[in-house]
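A.B. asks: Take a look at the letters that make up each chain.
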Amino acid sequence: MSEKTVVHDYPDVWQRFSPRQTLIRFIWYVGVVFVAVWALSTLDISWFYFLDAHLQVKDLAVRMWPPNLEFARRLVAPLIETIHIATLGTIITFVIAFPIAFLAARNTTINRFTWFIGRFILVGSRSVNTVVWGLLFVAIFGPGPLAGIWAIAFRSIGFVGKLVAEAIEEIDPGAVEAVESTGASRLQVLLIGILPQVLPVIYGTLVYRWDINIRESTVLGFVVAGGIGILLYSSINQFLWREVTVTLMMVFCVVLASEFLSAKIRHRIS
Amino acid sequence: MNTAAEKHIDPAQQWHQIRMIENPLIRHSLALLVLLYIFWSMLSINVDWGRFLLGLPRAANIVARMLPPDFSRWELLIRGMLESVQMALAASFIGMILAVPIGICASSNIVPKPVYLMARAFIILSRTFHEIIVAIFFVKIFGFGPISGVLTLTISSTSFISKMLAEDIENMPPGQIEAIRATGAGFFKLLIYCISPQAMPRYLGVSIYRLDANIRHSTVIGIVGAGGIGQVLAASFSRYDYDFSLAILLSIIVLVFLGEFFSNWVRSRLR
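Those sequence lines, one after another, are chains A and B.
Position one of the first sequence corresponds to residue 34 (my numbering), numbered consecutively onward.
Position one of the second sequence corresponds to residue 1155 (my numbering), numbered consecutively onward.
There may be inaccurate statements among the hints.
Computed spacing ranges between beta-carbons, pair by pair [what the hints assert, rightly or not]:
| # | chain 1 | residue 1 | chain 2 | residue 2 | range |
| --- | --- | --- | --- | --- | --- |
| 1 | B | I1346 | A | D205 | 23 to 33 Å |
| 2 | A | L102 | B | L1186 | 34 to 44 Å |
| 3 | B | R1393 | A | L294 | 38 to 48 Å |
| 4 | B | W1419 | A | W71 | 19 to 29 Å |
| 5 | B | R1393 | A | S267 | 16 to 26 Å |
Derived DSS-like pairs: lysine-lysine, alpha-carbon spacing no greater than 30 Å straight-line [to be verified]:
| # | chain 1 | residue 1 | chain 2 | residue 2 |
| --- | --- | --- | --- | --- |
| 6 | A | K297 | A | K195 |
| 7 | B | K1343 | B | K1267 |
| 8 | A | K91 | B | K1294 |
| 9 | A | K297 | B | K1267 |
Just some of the chain B residues that point at chain A, by a computed CB distance under 7 Å [claimed, not checked]:
| # | residue |
| --- | --- |
| 10 | V1217 |
| 11 | T1282 |
| 12 | I1295 |
| 13 | P1300 |
| 14 | F1391 |
Simulated from the structure, these hints should not be mistaken for lab results.
Ideal Cβ placement from N, Cα and C applies to all residues, glycine included.
Model the full structure from these sequences, guided by the hints.
C.D. replies: Right, here's the structure in full:
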């Protein structure tokens, strides 16, 4: 009888969460579902279109097949242009993002104001999509790959600059101090103490961004900023779906190849 | 004696700057290759340099017309922004749910090979094509409007989150999986008691990150008619309403900044 009065302060059955934890999780779940349902239900969606969606898919599939392989020959030059846009844009990024990253890193910036400027440029560059930059540069430079190159560069600055600035903030201060103690100038500290530490990150980020840029430059043509997108958009607008199929197949190959190449190079750098 | 020692320093021991590529021949030839590439691409690319020079005063003109930003049509602006945010929220949520089965199927250590290959094929296929290309197809199938945008962002979120989830599951130490299996647990018990506790924090983090990315992408797919602020932006650009365009761009920057702030805050709390 006395044994029965022993009070266990632990439960007999193992449970992963306490009731309180379960309740909090449950409230989170309900909240997330509520937000999602609110978002979907207040959107102006015509569910009516769902009725014939399967017919549209079938129609599209019939029109897209077989691919018009003849068209592939005309795609080679625009594809090379697409790669050029991505690559030249990335090279320009390298030149511009470099000083901005140093401004935006807390340990290399000159004062709070320059740090803020650097951060602002990075956020602004990243917030505006490549295609929107494309719209802007087409208005400035007119249609063509030049607008595309600058669009790619302006979007990439924020991406590369942010990652490089983070890398600069995490460098080993010992090496910097060692160079400083030899009486090196500010520039020498930068070039000898800091740069070698972040160079692998810079190259790695650039190669990574290059591979994203290839993908982005395939659609720059939609706002007439050069590359394969121009042909793709005109094929779509003329309902030449068999040409669209070929274009998409070639885009697929190029993007996949660039992703593979970029992964290989990054693997070697790190 | 001191000076004598200094004179006989082995050149290999002398200080020299650290280089990423130690071999100077490879280093310089790589630099040369890059220069040659720039030269070649500049020649082959179709750039009208006269037009470029013409563009510089034009840029000043556009900037002058952009300033000051025109917020007078704020109702249109707010409606577009809200639509973008809603599209991003809905797509992130659906993508988050769809990514669980696909992510699990794309993990080579817990599913059979054919399932793995199919899931991977889906991920590769949807990652390769840019959102705008996908959006065009949805616009063709479902008509103009936010539904095409939601579906586009859902596809890209699903493939992104499931790719990250699969990587996470594949990197799990095999010990825990074996331990749970040793208790006689089936596949679903394995998922609940072994995979989910280990994958959950990163999965939630990636999903929140994706929400932030979706907000950024939702601002652009409107250009091909898939709803959101992008549609308003493209219209203002084509009508040369540059002051309204700048107002939209500034609002997008603020929105993206807030989204990033929120995402960082949630992710730091998850850790």
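A.B. asks: It remains to establish, for every hint, whether it holds in the given structure.
C.D. replies: Against the structure, the hints:
Distance hint check for I1346(B) and D205(A): the Cβ-Cβ separation is about 43 Å, which falls outside the suggested range of 23 to 33 Å. The hinted window of 34 to 44 Å between L102(A) and L1186(B) holds, with their beta carbons roughly 38 Å apart. R1393(B) and L294(A) have their C-beta atoms about 41 Å apart, which keeps the hinted 38 to 48 Å range intact. For the hinted restraint 19 to 29 Å between W1419(B) and W71(A), the CB-CB distance of approximately 21 Å keeps it satisfied.
About 22 Å separates the C-beta atoms of R1393(B) and S267(A), a value consistent with the hinted range of 16 to 26 Å. Restraint check for K297(A) and K195(A): the C-alpha separation of about 23 Å stays at or below 30 Å, so the hint holds. Annotation: proposed proximity of K1343(B) to K1267(B) holds, straight-line Cα distance about 21 Å (limit 30 Å). In summary, the hint linking K91(A) to K1294(B) is supported, as the alpha carbons are separated by about 12 Å, within the 30 Å threshold.
Using a Cα cut-off of 30 Å, the hinted pair K297(A) and K1267(B) holds, with the two alpha carbons roughly 25 Å apart. About 9 Å separates the beta-carbon of V1217(B) from the nearest beta-carbon of chain A, more than 7 Å, and the hint is not met. Because the closest C-beta pair between T1282(B) and chain A is about 5 Å apart, less than 7 Å, the hint holds. Because the beta carbon of I1295(B) sits about 4 Å from the nearest beta carbon in chain A, less than 7 Å, this interface hint is met.
Taken as an interface hint, P1300(B) checks out: its beta carbon lies about 5 Å from the nearest beta carbon of chain A, inside 7 Å. For F1391(B), the interface hint holds, the least distance from its beta-carbon to any beta-carbon of chain A being 5 Å, beneath 7 Å.
Hints 1, 10 from the list above are not met by this structure, while the remaining hints are.
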